[in-house]
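Letter by letter, the chains look like this.
Protein chains: 2
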Amino acid sequence: MFEIVKNGNVTSAKGFIAGATYAGIKSFSEDALDIAILASEKPASVAGTFTTNKVVSPSVTVTKSRVESGVSMGVVANSGCANACVGSQGFKDAEEMAALASKQINAPEHKMLVCSTGLIGVELPMALVRQHMGNIHLDSDAGSSFARAIMTTDTMSKEIAVSIKIGEKEVVIGGAAKGAGMIHPNMATMLAFISTDARIEPNTLKSFLKHSVKESFNMIDIDGDQSTNDTVLLFANGMSGVSFDDDDSVESRIFKEALTYVCVELAKAIVRDGEGSNRLIEVFVRGANSGIDAKKAAREIVSSTLVKAMVHGLDPNWGRIMMALGKSEVDFEEDNVDVFISGIHVVHGGCSIPYLADAVVSSMNAPEVKFEVDLNAGNFYARAWGCDLTEEYVTFNSAYST
Amino acid sequence: MFEIVKNGNVTSAKGFIAGATYAGIKSFSEDALDIAILASEKPASVAGTFTTNKVVSPSVTVTKSRVESGVSMGVVANSGCANACVGSQGFKDAEEMAALASKQINAPEHKMLVCSTGLIGVELPMALVRQHMGNIHLDSDAGSSFARAIMTTDTMSKEIAVSIKIGEKEVVIGGAAKGAGMIHPNMATMLAFISTDARIEPNTLKSFLKHSVKESFNMIDIDGDQSTNDTVLLFANGMSGVSFDDDDSVESRIFKEALTYVCVELAKAIVRDGEGSNRLIEVFVRGANSGIDAKKAAREIVSSTLVKAMVHGLDPNWGRIMMALGKSEVDFEEDNVDVFISGIHVVHGGCSIPYLADAVVSSMNAPEVKFEVDLNAGNFYARAWGCDLTEEYVTFNSAYST
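Protein chains in written order, with our numbering: chain A, 9 to 410; chain B, 9 to 410.
One or more of the hints may lead you astray.
If chains are identical, the list can't say which one is meant, so a pair holds when it fits in one copy or spans any two.
What the hints assert, rightly or not - Think about it this way: if two alpha-carbon atoms lie no more than 25 Å apart in a straight line, the pair counts; the simulated DMTMM-like pairs of lysine to aspartate or glutamate are:
no. : residue 1 : residue 2
1   : LYS276    : ASP343
2   : LYS100    : GLU400
3   : LYS62     : GLU290
4   : LYS100    : ASP346
5   : LYS276    : ASP256
6   : LYS222    : GLU337
7   : LYS72     : GLU176
8   : LYS72     : GLU290
9   : LYS62     : ASP343
10  : LYS62     : ASP346
11  : LYS50     : ASP149
12  : LYS100    : ASP343
13  : LYS378    : GLU49
14  : LYS222    : ASP255
15  : LYS177    : GLU104
16  : LYS72     : GLU342
17  : LYS100    : GLU11
18  : LYS72     : GLU11
19  : LYS378    : ASP39
20  : LYS72     : GLU337
Don't read these hints as lab results, they were simulated from the structure. Small disclaimer: the values here were computed from a predicted structure and weren't measured.
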């Protein structure tokens with residue numbers, strides 16, 4: 009079907025180049041890259057999904073409107089400043105930053121998109137942006153610099169690429185993301201950039217992206233909050249010479265599966281790196297009456313503060329899973345529920361069954377903890393991912409701006 | 009209007025008696041009261057509001073159905089065991105516990121209500137309940153024992169009473185509550201018992217209680233989770249000789265205000281005692297287009313994990329308030345928003361205004377921190393209460409059952 013590209017990243021697909029620079033927005037340290045450009049050598053189809061928060065960064069507003077044309081040459085992203093809650097100056101700055109970046113790749117300025125991430129309520133230091141943008145030189149080896157430059161509280165960069173063989177030809181999908189705090193379903197404080205050399209019409213691209221985001225970025229939770237800047241962008245420049253349509257062909261299905269895989273892996277990397285997080289939680293809900301019910305239940309469980317805390321403490325307190333499930337407003341009978349913790353059956357027919365408590369505790373002492381819930385009501389299932397809640401999360405978020 | 013009764017509690021109103029015993033459900037220590045009865049000397053009108061969680065304790069189911077008759081003689085409550093997720097045995101145990109308690113006051117067993125709080129998934133140790141129920145002797149001085157007996161992770165008991173003068177006569181409203189973990193809007197892991205010697209018809213009582221709960225228990229948040237056992241019960245035995253109707257008379261309005269005051273004070277006491285909490289957060293949203301909008305926005309801000317963490321860290325990171333507001337889906341324009349932290353104006357027209365950061369930090373270093381948000385969109389307002397998120401909350405909830 010598809011293969012993971014070794015050391016793959018956002019410039020692994022044909023015709024994508026990137027570059028980054030230090031500008032002093034994020035840190036005093038000159039090692040800290042904080043402005044980066046990702047570009048396609050040829051105009052690419054583009055699709056995006058954006059935060060649903062009503063308070064939104066002008067960087068998002070500008071990009072959202074430019075994505076509507078369906079064609080783009082690339083995106084410039086800065087870290088350290090969210091360019092949000094700064095009034096009309098934020099629009100001017102977003103547009104100027106895009107214009108400065110477009111000069112680096114000789115593109116029309118309205119074909120350049122813009123993303124920002126960092127502190128809310130302070131203006132972009134445009135003097136620094138103007139001074140340093142010219143230092144960015146783009147090439148196809150700089151995918152990893154791009155991934156590093158978009159990091160804020162992330163402790164590691166997040167990137168991946170997969171390759172699909174279609175006859176004699178190869179199609180690549182690459183991606184980079186940043187995440188950490190404020191991650192919640194329905195788009196979180198996160199940026200993700202995905203590039204492919206497939207040829208896909210903008211409307212089809214939009215529908216592919218929407219589907220993949222629903223199964224990945226919308227199914228993760230760190231702390232239930234949602235940012236003003238969340239953006240996922242997908243570029244398709246066609247340079248592999250392989251086209252995909254919005255049909256049910258084997259090829260399209262493989263492409264969609266590979267795209268979802270890239271999104272899920274980036275989403276899981278974001279959660280794994282949640283602020284102060286030690287463990288990834290995967291919740292698998294099956295036996296639901298509808299796909300919506302399955303997603304709702306999985307998300308509710310993975311978002312529960314008490315469930316997150318019990319994972320941190322290796323405490324098999326399955327009552328909290330039942331409580332979160334009950335709160336999710338999905339269709340099920342309490343008396344039909346089964347619960348498994350890391351494969352060990354702990355609840356049958358809605359009641360506790362005898363299990364070795366120590367064995368469950370040991371099974372939870374792992375980098376990934378899995379909760380499986382069978383509603384025994386229907387045939388739909390869904391997966392959601394979250395991280396444990398630790399003392400470090402609180403310490404970290406008690407002192408972010410000051 | 010009304011006065012606070014010194015050392016007032018749930019038996020301050022005429023004709024209410026209580027008693028409590030140790031039964032060994034909650035703790036080995038014989039000081040730990042864990043079963044308690046509150047009763048009225050005469051049959052009382054009763055109203056209740058209950059958890060909306062789909063996974064619900066049989067104690068709630070039994071009580072909910074008995075409240076429908078509108079008349080009750082009292083309630084028995086146990087702490088230490090939630091009597092939830094235990095299958096049909098839970099119904100038998102809830103009914104038997106009520107029956108045993110009804111004998112202590114010579115009431116018909118279906119006139120006795122039942123509440124449970126504690127760990128989910130374990131059966132009530134009925135052998136202990138049978139053995140110890142007979143130790144409960146009720147009198148009008150034992151209101152505080154009742155409040156202590158319902159505590160679980162609470163660090164202090166929560167009780168209050170107010171008195172209203174109506175002509176020559178006096179009407180008293182008393183209350184007791186327990187709370188701590190899993191507190192969220194729309195009824196939380198909490199029990200509250202309110203008693204009054206006013207005479208009020210069951211339907212009127214229901215409407216009074218619904219209104220007061222909306223402004224109080226439904227406007228608090230500790231960690232966004234909701235329990236299987238939440239119950240608020242209001243008894244009115246008429247022994248003051250004063251009646252109130254569901255009309256717009258001055259007397260009815262004073263009674264409703266006093267009842268809401270009792271509910272708000274109990275709700276705030278619950279939040280103040282949230283697990284690991286150091287500070288009470290009050291969010292006051294005004295200028296909303298509707299009461300629903302005002303409530304929604306206030307609740308969203310007070311529920312944000314990042315807002316809670318910033319209060320713990322005395323960090324005036326108002327961007328998080330804007331973020332939570334934006335996520336609340338209420339009607340407002342970002343450019344019209346004002347924000348005040350403990351009375352200090354920090355945001356005007358959606359943008360930061362110059363303020364002394366140190367002064368804001370000092371103002372937050374208090375037992376109660378107030379965030380005021382003016383949407384400048386309409387004339388509606390609402391208040392919500394929450395607590396800060398601390399390292400202690402996480403430590404505590406990482407090791408609850410084990």
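Cross-check of the supplied hints:
Taking the closest pair of Cα atoms, LYS276 and ASP343 never come within 25 Å of each other, the shortest separation being 32 Å inside a single copy and 35 Å across copies. Taking the shortest alpha-carbon separations for LYS100 and GLU400, neither the intra-copy value of 38 Å nor the inter-copy value of 44 Å comes in at or below 25 Å. In this homomeric assembly, LYS62 and GLU290 come within 25 Å of each other (Cα to Cα) only across copies, at 23 Å, whereas the closest approach inside a single copy is 29 Å. In this homomeric assembly, LYS100 and ASP346 come within 25 Å of each other (Cα to Cα) only across copies, at 23 Å, whereas the closest approach inside a single copy is 55 Å.
For the identical chains of this complex, LYS276 and ASP256 are neighbours neither inside a copy (28 Å) nor across copies (57 Å), given an alpha-carbon limit of 25 Å. With identical chains, the CA atoms of LYS222 and GLU337 are at most 25 Å apart both within one copy (20 Å) and between copies (20 Å). With identical chains, the CA atoms of LYS72 and GLU176 are never at most 25 Å apart, being 36 Å at best within one copy and 68 Å at best between copies. In this assembly of identical chains, the alpha carbons of LYS72 and GLU290 never lie at most 25 Å apart, being 31 Å within a copy and 36 Å across copies at closest.
Taking the closest pair of Cα atoms, LYS62 and ASP343 come within 25 Å of each other only across two copies (11 Å); inside a single copy the shortest separation is 40 Å, beyond that limit. In this homomeric assembly, LYS62 and ASP346 come within 25 Å of each other (Cα to Cα) only across copies, at 16 Å, whereas the closest approach inside a single copy is 39 Å. Only within a single protomer do LYS50 and ASP149 lie at most 25 Å apart by alpha-carbon distance; the minimum there is 17 Å, versus 84 Å between protomers. Only between protomers do LYS100 and ASP343 lie at most 25 Å apart by alpha-carbon distance; the minimum there is 16 Å, versus 58 Å within a single protomer.
Taking CA atoms no more than 25 Å apart as the test, LYS378 paired with GLU49 passes in neither setting, with 42 Å inside one copy and 53 Å between copies. In this assembly of identical chains, LYS222 and ASP255 lie within 25 Å of each other by CA distance solely inside one copy; the values are 19 Å within and 51 Å between copies. In this assembly of identical chains, the alpha carbons of LYS177 and GLU104 never lie at most 25 Å apart, being 40 Å within a copy and 74 Å across copies at closest. In this homomeric assembly, LYS72 and GLU342 come within 25 Å of each other (Cα to Cα) only across copies, at 18 Å, whereas the closest approach inside a single copy is 43 Å.
Taking the closest pair of Cα atoms, LYS100 and GLU11 never come within 25 Å of each other, the shortest separation being 43 Å inside a single copy and 58 Å across copies. Proximity of LYS72 to GLU11 under the C-alpha cut-off of 25 Å is found in neither arrangement, the shortest distances being 32 Å within a copy and 57 Å between copies. For a Cα distance limit of 25 Å, the shortest separation of LYS378 from ASP39 qualifies neither inside one copy, at 38 Å, nor across copies, at 40 Å. In this homomeric assembly, LYS72 and GLU337 come within 25 Å of each other (Cα to Cα) only across copies, at 19 Å, whereas the closest approach inside a single copy is 33 Å.
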